[in-house]
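K.L.:
Since the structure of chain Z is already known, use the hints to place chain C on it.
What follows is the residue order along each chain.
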Amino acid sequence: MSIAAPLLDLVAIAFFILGLHFLNAPPTARFGNRLAAVGMFIALVIILIQTGGVAWWAIAIGVVLGGTIGVVAAIRVKMTAMPQMVALYNGAGGGAAALISVVEYVVFLRSGGAAMDPIVSVSLIVSMIIGAVSFAGSIIAFLKLQELMTGRPVTYPAQQIVNALVALAILAIGGWFITIGGTLPPLDFAGLVVLALALGVLFVLPIGGADMPVVISLLNSFTGLAVAVAGFEINSELLIICGALVGASGTILTVDMSRAMNRSLANVLFSAFGSAGGSEPAAAGSGGPQNVRSVSADDVAVMLAYANKVMFVPGYGMAVAQAQHSVKALADQLEKRNVHVSYAIHPVAGRMPGHMNVLLAEANVPYEQLLELDAANAELPTTDVALVIGANDVTNPAARNVPSSPIYGMPILDVDKAANVIVLKRSMRSGFAGIDNPLYELPNTAMLFGDAKASIDALVAAVKAL
Amino acid sequence: MTDVSHLLTLLTVLMLAIFVGFEVISKVPTTLHTPLMSATNAIHGIVIAGAIVATVSLFAAGGSSVPMTIVAIAAVTLGAINVFGGFAVTERMLQMFKRKEGGK
Numbered sequence: 002m003s004i005a006a007p008l009l010d011l012v013a014i015a016f017f018i019l020g021l022h023f024l025n026a027p028p029t030a031r032f033g034n035r036l037a038a039v040g041m042f043i044a045l046v047i048i049l050i051q052t053g054g055v056a057w058w059a060i061a062i063g064v065v066l067g068g069t070i071g072v073v074a075a076i077r078v079k080m081t082a083m084p085q086m087v088a089l090y091n092g093a094g095g096g097a098a099a100l101i102s103v104v105e106y107v108v109f110l111r112s113g114g115a116a117m118d119p120i121v122s123v124s125l126i127v128s129m130i131i132g133a134v135s136f137a138g139s140i141i142a143f144l145k146l147q148e149l150m151t152g153r154p155v156t157y158p159a160q161q162i163v164n165a166l167v168a169l170a171i172l173a174i175g176g177w178f179i180t181i182g183g184t185l186p187p188l189d190f191a192g193l194v195v196l197a198l199a200l201g202v203l204f205v206l207p208i209g210g211a212d213m214p215v216v217i218s219l220l221n222s223f224t225g226l227a228v229a230v231a232g233f234e235i236n237s238e239l240l241i242i243c244g245a246l247v248g249a250s251g252t253i254l255t256v257d258m259s260r261a262m263n264r265s266l267a268n269v270l271f272s273a274f275g276s277a278g279g280s281e282p283a284a285a286g287s288g289g290p291q292n293v294r295s296v297s298a299d300d301v302a303v304m305l306a307y308a309n310k311v312m313f314v315p316g317y318g319m320a321v322a323q324a325q326h327s328v329k330a331l332a333d334q335l336e337k338r339n340v341h342v343s344y345a346i347h348p349v350a351g352r353m354p355g356h357m358n359v360l361l362a363e364a365n366v367p368y369e370q371l372l373e374l375d376a377a378n379a380e381l382p383t384t385d386v387a388l389v390i391g392a393n394d395v396t397n398p399a400a401r402n403v404p405s406s407p408i409y410g411m412p413i414l415d416v417d418k419a420a421n422v423i424v425l426k427r428s429m430r431s432g433f434a435g436i437d438n439p440l441y442e443l444p445n446t447a448m449l450f451g452d453a454k455a456s457i458d459a460l461v462a463a464v465k466a467l
Numbered sequence: 300m301t302d303v304s305h306l307l308t309l310l311t312v313l314m315l316a317i318f319v320g321f322e323v324i325s326k327v328p329t330t331l332h333t334p335l336m337s338a339t340n341a342i343h344g345i346v347i348a349g350a351i352v353a354t355v356s357l358f359a360a361g362g363s364s365v366p367m368t369i370v371a372i373a374a375v376t377l378g379a380i381n382v383f384g385g386f387a388v389t390e391r392m393l394q395m396f397k398r399k400e401g402g403k
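Protein sequence lines correspond, in order, to chains Z and C.
For the first sequence, my numbering assigns the number 2 to the initial residue and increments by one for each residue that follows.
For the second sequence, my numbering assigns the number 300 to the initial residue and increments by one for each residue that follows.
Just chain C, same shape as in the assembly:
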């Protein structure tokens, strides 16, 4: 049972987010492209939320088999690598952007 109006809402959200993405990002100078790439990388780490939802639905559907539990844990692990590593590495890069007077 496809709920057309709900689908349209989601598609609207998708389209607006794409436009916001173009607007907010197209102003970044080359200097910050690597940190930007790294930061956006971290933001798509939100996929971990999807992995958690999927894991919950797996267990809610009457328990999980061992192989599928491993798959679900792997999904959460990969998402966590993406999100925690992404923000940590961006922070490390940005720590180094200092102004001229910044001492040793």
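This is chain Z alone, in the form it adopts within the complex:
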């Protein structure tokens, strides 16, 4: 083998690392992504040349088929459906890692060898298990976010025990596989694959609602890990390095996101948080909020038009209603009247970190106007009107002052400190965490009921008419 191929692989790796580096800042992010894509192109050309044309048609079918599906889906997907799209791509990567192990296992069986090299047997079984868990888990995450199944946690009696037993069975069979050097009969191996898929499903089922972003991020890091381990299996430093980079980033993101909710990762994964809310919405004993004040769009328009400082607080409701363009139109109208407009972005608003940023960027909102949690909270006490657009739990003051609340301790946007709070909401239904929001009963809060997009459009028209 010539030295050129490994050297070009090194170039590709440098491009990946530099690409991630340039993703640090909005002005260079696009360049970073393209740099990484060029690195990927180089790496793929090298690997294709190295095959020497063996199985070229099978590889061509896979590349063309998968490439077409991937690109067409990427072009067609709506910006609001981005989280589930990322989940699907992630699942595809995990599935590929698992299938590599299946192929390598069959190749070994056919070779008639007595036992696998221990490095190969360990990495083969580990990458198969993690890849299959990531694949099945990502599919469930997709189904939940696409609302093809309930988004709420699915629980049943002795759930943790069942999951633990499945995990133990996988560990036992996997350990046996390594002990006997990979000479497991095909049916037993297939059984292990099924168990790993089942674990992926079972592990994501009890997680729901606002916790889905954490899970997608965790599954992203799982796939990275599976790819790194697959690198040991087929002896590829390229796979080890790329997998490790992604494993590390996914872990950071996952921990950051749990921290933003002031909960440990273990709590997110195993507590089926919010599952009680669906069945007993009035658990707080207050019988749900009653003393809420409802206002008309015209009243709100006057309030906004004559304010000095307005803060938009977007949440998942804005994403669902596709209201980002209307929000931008309203901001333009207000800025024409010299109202100072900014946006408060909670780290876990929406269904992914940065979800709101992407949507608002789509509507051409300059990112300088987006304030992160601390900056927004510093501004809120001097804000005239806080306009909450389909955000709920991230504005719930119970997180600050009701120790018995399930979200107690979670950092929130202190919108209640603004002079006036207008909450745009479809109905009085509780948020994804399934808990009441005392914000709605505060004297400085008023509710504007209706679809977020319709309400904002009405506000735009009303402000224009003033």
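Just so you know, these hints were derived from the structure itself, not from any lab.
Each residue gets a CB set at the ideal place from its N, CA and C atoms; glycine is no exception.
Just to be clear, a hint being listed does not mean it is correct.
Simulated DEER-style distance windows between Cβ atoms [stated by the list, open to error]:
# : chain 1 : residue 1 : chain 2 : residue 2 : range
1 : Z       : Ala6      : C       : Leu306    : 19 to 27 Å
2 : C       : Gly361    : Z       : Val39     : 36 to 44 Å
3 : C       : Leu310    : Z       : Arg77     : 39 to 47 Å
For the chain Z half of the interface with chain C, some residues (derived, Cβ under 7 Å), not all of them [stated by the list, open to error]:
# : residue
4 : His22
5 : Val55
6 : Ala231
Some chain Z residues flagged as far from chain C (calculated, every beta-carbon gap over 12 Å) [stated by the list, open to error]:
#  : residue
7  : Arg35
8  : Met41
9  : Phe42
10 : Gly53
11 : Val65
12 : Ile162
13 : Leu172
14 : Trp177
15 : Leu266
16 : Pro407
17 : Arg427
P.N.:
This is chain C only, laid out in the frame that chain Z set:
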């Protein structure tokens, strides 16, 4: 036959890559978390290289059966979805990050 020094080399590479991953990524602002997640997703699409290697070793070992050929093609297909879709969707997201003066 386990080659210990080779294993150690690979483990060293793994460890260093993990540290680089933490260093280079922990500086990304929340604004870019979704594109970042999407970009790293695309980078683990390198798994397609593994799928190609596995397919080659399957065919090199004296041809392939129909079911195993399907499995190998599925592996390459999934890898391709991951890598092409990942970069395309990240590019689409980043196209939208514009500065204030950026016209319509």
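K.L.:
Confirm or reject each hint.
P.N.:
Hint check:
no.	hint	in the structure
1	Z:Ala6 with C:Leu306: 19 to 27 Å	holds, 22 Å
2	C:Gly361 with Z:Val39: 36 to 44 Å	holds, 37 Å
3	C:Leu310 with Z:Arg77: 39 to 47 Å	holds, 42 Å
4	His22	holds, 5 Å
5	Val55	holds, 5 Å
6	Ala231	holds, 5 Å
7	Arg35	violated, 7 Å
8	Met41	violated, 6 Å
9	Phe42	violated, 9 Å
10	Gly53	violated, 8 Å
11	Val65	violated, 8 Å
12	Ile162	holds, 32 Å
13	Leu172	holds, 22 Å
14	Trp177	holds, 20 Å
15	Leu266	holds, 16 Å
16	Pro407	holds, 24 Å
17	Arg427	holds, 24 Å
Of the numbered hints listed earlier, those contradicted by the structure are 7, 8, 9, 10, 11.
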